[in-house]
Amino acid sequence: MNAFLEVRDLRKTFGGLTAVDDVSFKLEKGQILGLVGPNGSGKSTMLNLLSGVYAADGGSVSLNGRSLAGLAPNAIASAGLARTFQNLQIFHGLSVGENVSVGRSCRMRSSVLGSVFGTSFARREEADARDQAFSLLSLVGLERYLDEPPSSLSYGQRRLLELARALASSPSVLMLDEPCAGLSQGEADELAVLIRRLGESGIGVIVIEHNMRFVMGLVDHIVALNFGRKIAEGDPRSIRENEAVIAAYLGRKRHAAH
Amino acid sequence: MVPPRKSARSRLLRLIAPVGLLAILIALPLALKNNYQLGIAHQALIFIILAVGYDVLLGFTGLLSFGHIGLFAIGAYTSALLVMSTGAPFLIGLMGAAVLTGFVGFLISIPALRIKGHYLTLLTLALGEVIRLVLRSMEWLTHGSSGLSGIPRPEILGFSFRQALPLYYLLLLFAVLTVVFVWRLKASRFGRAFMAIRDAEIGAEVCGVNTSKMKMMAFAISAIIAGVAGSLYAHTMRFISPEFFSLGLTIILLAMVLVGGRGTILGPAIGAALLIALPEVLRFVKEYYLLVFGIAIWLCVILLPDGLAGLGRRLLKRVGLAA
Amino acid sequence: MDTFLQVTLSGVTMGCIYAFVALGFTLTIAAAGVVNFAYSEWVTYGAFIGVTLVSVFGLPLWLALLATVLLCAVMGYAFQWIVFRPLEGRHFLTTVTATIGIAVSMQALATLVWGPYALTLPTFFGSGVVNVAGVSIFPHNILIIATAVVLIGGLQLWLTGTDIGLRLQATAQDPVAARLMGIPIRHMRTFAYCLSAALAGLAGFLVAPLFVVTTTMGFGLMLKGLAATIVGGWGSLKGAVFGGLIIGIIEALGATYVSSEYKDVLSFLIIIIVLLVRPRGLFPEPIAEKL
Numbered sequence: 264m265n266a267f268l269e270v271r272d273l274r275k276t277f278g279g280l281t282a283v284d285d286v287s288f289k290l291e292k293g294q295i296l297g298l299v300g301p302n303g304s305g306k307s308t309m310l311n312l313l314s315g316v317y318a319a320d321g322g323s324v325s326l327n328g329r330s331l332a333g334l335a336p337n338a339i340a341s342a343g344l345a346r347t348f349q350n351l352q353i354f355h356g357l358s359v360g361e362n363v364s365v366g367r368s369c370r371m372r373s374s375v376l377g378s379v380f381g382t383s384f385a386r387r388e389e390a391d392a393r394d395q396a397f398s399l400l401s402l403v404g405l406e407r408y409l410d411e412p413p414s415s416l417s418y419g420q421r422r423l424l425e426l427a428r429a430l431a432s433s434p435s436v437l438m439l440d441e442p443c444a445g446l447s448q449g450e451a452d453e454l455a456v457l458i459r460r461l462g463e464s465g466i467g468v469i470v471i472e473h474n475m476r477f478v479m480g481l482v483d484h485i486v487a488l489n490f491g492r493k494i495a496e497g498d499p500r501s502i503r504e505n506e507a508v509i510a511a512y513l514g515r516k517r518h519a520a521h
Numbered sequence: 026m027v028p029p030r031k032s033a034r035s036r037l038l039r040l041i042a043p044v045g046l047l048a049i050l051i052a053l054p055l056a057l058k059n060n061y062q063l064g065i066a067h068q069a070l071i072f073i074i075l076a077v078g079y080d081v082l083l084g085f086t087g088l089l090s091f092g093h094i095g096l097f098a099i100g101a102y103t104s105a106l107l108v109m110s111t112g113a114p115f116l117i118g119l120m121g122a123a124v125l126t127g128f129v130g131f132l133i134s135i136p137a138l139r140i141k142g143h144y145l146t147l148l149t150l151a152l153g154e155v156i157r158l159v160l161r162s163m164e165w166l167t168h169g170s171s172g173l174s175g176i177p178r179p180e181i182l183g184f185s186f187r188q189a190l191p192l193y194y195l196l197l198l199f200a201v202l203t204v205v206f207v208w209r210l211k212a213s214r215f216g217r218a219f220m221a222i223r224d225a226e227i228g229a230e231v232c233g234v235n236t237s238k239m240k241m242m243a244f245a246i247s248a249i250i251a252g253v254a255g256s257l258y259a260h261t262m263r264f265i266s267p268e269f270f271s272l273g274l275t276i277i278l279l280a281m282v283l284v285g286g287r288g289t290i291l292g293p294a295i296g297a298a299l300l301i302a303l304p305e306v307l308r309f310v311k312e313y314y315l316l317v318f319g320i321a322i323w324l325c326v327i328l329l330p331d332g333l334a335g336l337g338r339r340l341l342k343r344v345g346l347a348a
Numbered sequence: 036m037d038t039f040l041q042v043t044l045s046g047v048t049m050g051c052i053y054a055f056v057a058l059g060f061t062l063t064i065a066a067a068g069v070v071n072f073a074y075s076e077w078v079t080y081g082a083f084i085g086v087t088l089v090s091v092f093g094l095p096l097w098l099a100l101l102a103t104v105l106l107c108a109v110m111g112y113a114f115q116w117i118v119f120r121p122l123e124g125r126h127f128l129t130t131v132t133a134t135i136g137i138a139v140s141m142q143a144l145a146t147l148v149w150g151p152y153a154l155t156l157p158t159f160f161g162s163g164v165v166n167v168a169g170v171s172i173f174p175h176n177i178l179i180i181a182t183a184v185v186l187i188g189g190l191q192l193w194l195t196g197t198d199i200g201l202r203l204q205a206t207a208q209d210p211v212a213a214r215l216m217g218i219p220i221r222h223m224r225t226f227a228y229c230l231s232a233a234l235a236g237l238a239g240f241l242v243a244p245l246f247v248v249t250t251t252m253g254f255g256l257m258l259k260g261l262a263a264t265i266v267g268g269w270g271s272l273k274g275a276v277f278g279g280l281i282i283g284i285i286e287a288l289g290a291t292y293v294s295s296e297y298k299d300v301l302s303f304l305i306i307i308i309v310l311l312v313r314p315r316g317l318f319p320e321p322i323a324e325k326l
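Residue numbers (the working numbering), protein chains in the order written: chain A, 264 to 521; chain B, 26 to 348; chain C, 36 to 326.
Since the hints were derived computationally from the structure, they do not count as laboratory data. Take these hints with a grain of salt, some might be off.
Computed cross-link-like contacts, SDA-like style, restricted to lysine to any residue with a CA-CA straight-line distance of at most 25 Å [claimed, not checked]:
#, chain 1, residue 1, chain 2, residue 2
1, B, 211, A, 398
2, A, 289, A, 499
3, B, 141, C, 42
The following residues of chain A were derived to be distant from chain B, with all beta-carbon distances above 12 Å [said to hold, decoys possible]:
#, residue
4, 277
5, 336
6, 346
7, 350
8, 360
9, 362
10, 398
11, 452
12, 463
13, 476
14, 510
For every residue, glycine included, the Cβ atom is placed at its ideal position computed from N, Cα and C.
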């Protein structure tokens, strides 16, 4: 069993609507997986289920053999799953660097009294957090905004900030919700390079993206959803030619082959 | 790569304001003419402590509690009763107030985990009033509406703070300690966690912030500070009654934080000092004071969402003295 | 048994007043998302304006009632431009604090204009009691209940039966969709503000003869109204009415059979219990969630 993240028969219903319908897939260490499908196919719900924002109604998720069922989002983050948001969850009252440091919350151990009285442990932890924030921001090209408010960032830069923040917890699995939105073509290309490097360093990455060119050139493996069900799975080339996937996106019915 | 260190010069500049303020406060009694004015200063310092603590809940964590005065009352009565009925020294009364009030604050935080937004505000409003009415009805303990009188001034290790001047410096010490504590808290991972919860709670959760634990901590910390302020109030004014801890006082406390600037450290302190001192300064227009006060709150909330501290920071930025 | 009926009837009477207050308070929440904590002062002003019209201008009571309601509606209209429009869409804390500030000013103004002493407003029917099925009741109370039935029944019919009523409901439930459908949101909201203020004036005028008219009377009534909105469901018009009646009856029964000292605590305890057990009240409204 070398599957890193294993999703089995995951299910979520809202009232009468089944948003995710018995979906299974595996993510290997260092693999980059694309989760694709038209609007409403259940991709975002999937991400919310994996990160613990929603509770699943059935199925299981395990990371390195350890079940993530029923865990609160912060416990899941602690276990090594980090994510970004399509609609941005930026902390506007904190500086850019402080935003990144919040991502490190589950790895920090100093106590209240320790922080307030400035014990050497607490001070070192703070200094390390600041150093890490700076280097992560450098990774996405935002290091000069370390002490600036997030309002001085463009929309695309804020999405990169979320990425840096997600990396602050040193995750094993990183889940990106529409990371390209708001980025120029050049920025998207740089992001692809960055994601590749993350994969090479051993982090498993799940990417939800509409931008098919970005996805096709980047991912190793694709899982395609429609109406909450997995309709196809495979490498980018075979998915591109998969009839079910084409039909889902174009909404056209094809005659059954004779 | 190493992050830029904030330059020594800018660090020094940023200390000017608080240190200057402290110097003024230390020298203040020299400018005041009589014990009555010192008494106003006493009240201002106590409310500085209360308001700064309240802002940890309201400004930092975004939890709109309208029952904070109930906690203030519990602190006052606990300390007064401990000292007066058991003969315990002032510090024991203070610690007892801090612990009990902190505990009640912790209890209140439990429903606050489920109940959000305006429902939480209304719940805490009702809880605050119930606390006050319960205190009023427990006549055998609290003397009900007649209140508790004859509460002794603080005495620490044989040194008596009965005189107005030494008491002023004792209260100033507590105020400074509170401000420093909250300042250190804000710069720590806990302060960041509180503000993350305020700004984007779901985002905070997926970053690994244990939002339930942090909310309870915010409630407990602000309650402990309220308990300390309550104890100091009881032993300074020497008389407390349920009528004082009313909804009207809740509104004043809220105004102190909002006018001063929520989410900042000095903002609530400025708001507290202003709202205690101003009615005294404007005493000659007493009937019109409330009228102007109400309108001022309305305008301040609409026009200055960051309060006076925010205004101050924007002005200092123009002049180039702030980041 | 007589006492029980008596008490229940007086509870229903106060319940009708609380229903007016809760309804008026909820109207601005439902139509514009504005939590108007100055509502208590509108009620107070309704009573004071009524007193002035009767004592100073010598108007007959019926005319004074009508004039008070109209003047309050005008006040609601004025408030829309000065106070409420800048507050629409703002955070809950902002609108609450801003309107509390206005309330404080209004109360201070009332003290300046009408003096610190209590005033009185006579009833329409003198001070005699009437005997209905063995229960003594003040005719004024019958008037209150009758007004409530007519007004609330009429409002219900109007909201569900007429075009304008349906448009108002649409505005409350989804302003964006309503606007896209061509419904003039601004007119709907103006109407809601005026109606809200008119209800406040009515409540103040009708409740005044039961007690005395003071500058703090509105505040006490609004706390009950607040409890009613929580019991009934925040933002729900139906809930406001039922909540008001429930609070009125529980309060009357509690005061008689449990203890009259703890009457004040009762409303707050009800608020706490409802929020802990079923925060969204009896008739949860989806509009409320946008807060």
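We went through each hint and held it up to the structure:
Under the criterion of a C-alpha separation no larger than 25 Å, the hint pairing residue 211(B) with residue 398(A) is consistent with the structure, at around 23 Å. In summary, the hint linking residue 289(A) to residue 499(A) is supported, as the alpha carbons are separated by about 16 Å, within the 25 Å threshold. For the proposed pair residue 141(B) and residue 42(C), the alpha carbon gap of about 37 Å is over 25 Å, so the pair is violated. Residue-level check passed: residue 277(A) sits 17 Å from the nearest beta carbon of chain B, beyond 12 Å.
Some Cβ of chain B comes within 12 Å of the Cβ of residue 336(A); the nearest lies about 4 Å off, and the non-interface call is violated. Residue 346(A), annotated as away from the interface, has a beta carbon of chain B within 12 Å; the closest lies near 6 Å. Residue 350(A), annotated as away from the interface, has a beta carbon of chain B within 12 Å; the closest lies near 10 Å. Non-interface call for residue 360(A) relative to chain B: violated, since the shortest CB-CB distance, roughly 8 Å, does not exceed 12 Å.
Residue-level check failed: residue 362(A) sits 8 Å from the nearest beta carbon of chain B, not beyond 12 Å. At the 12 Å boundary, the C-beta of residue 398(A) falls inside the reach of chain B, the nearest C-beta of that chain being 6 Å off. The claim that residue 452(A) is not at the interface with chain B holds, since no C-beta of that chain comes within 12 Å of its own (minimum 23 Å). The beta carbon of residue 463(A) is kept farther than 12 Å from every beta carbon of chain B, the shortest such distance being approximately 21 Å.
Against the 12 Å criterion, residue 476(A) stays outside the reach of chain B, whose nearest CB is about 28 Å from its own CB. Every CB of chain B is more than 12 Å from the CB of residue 510(A) (nearest about 34 Å), matching its label as outside the interface.
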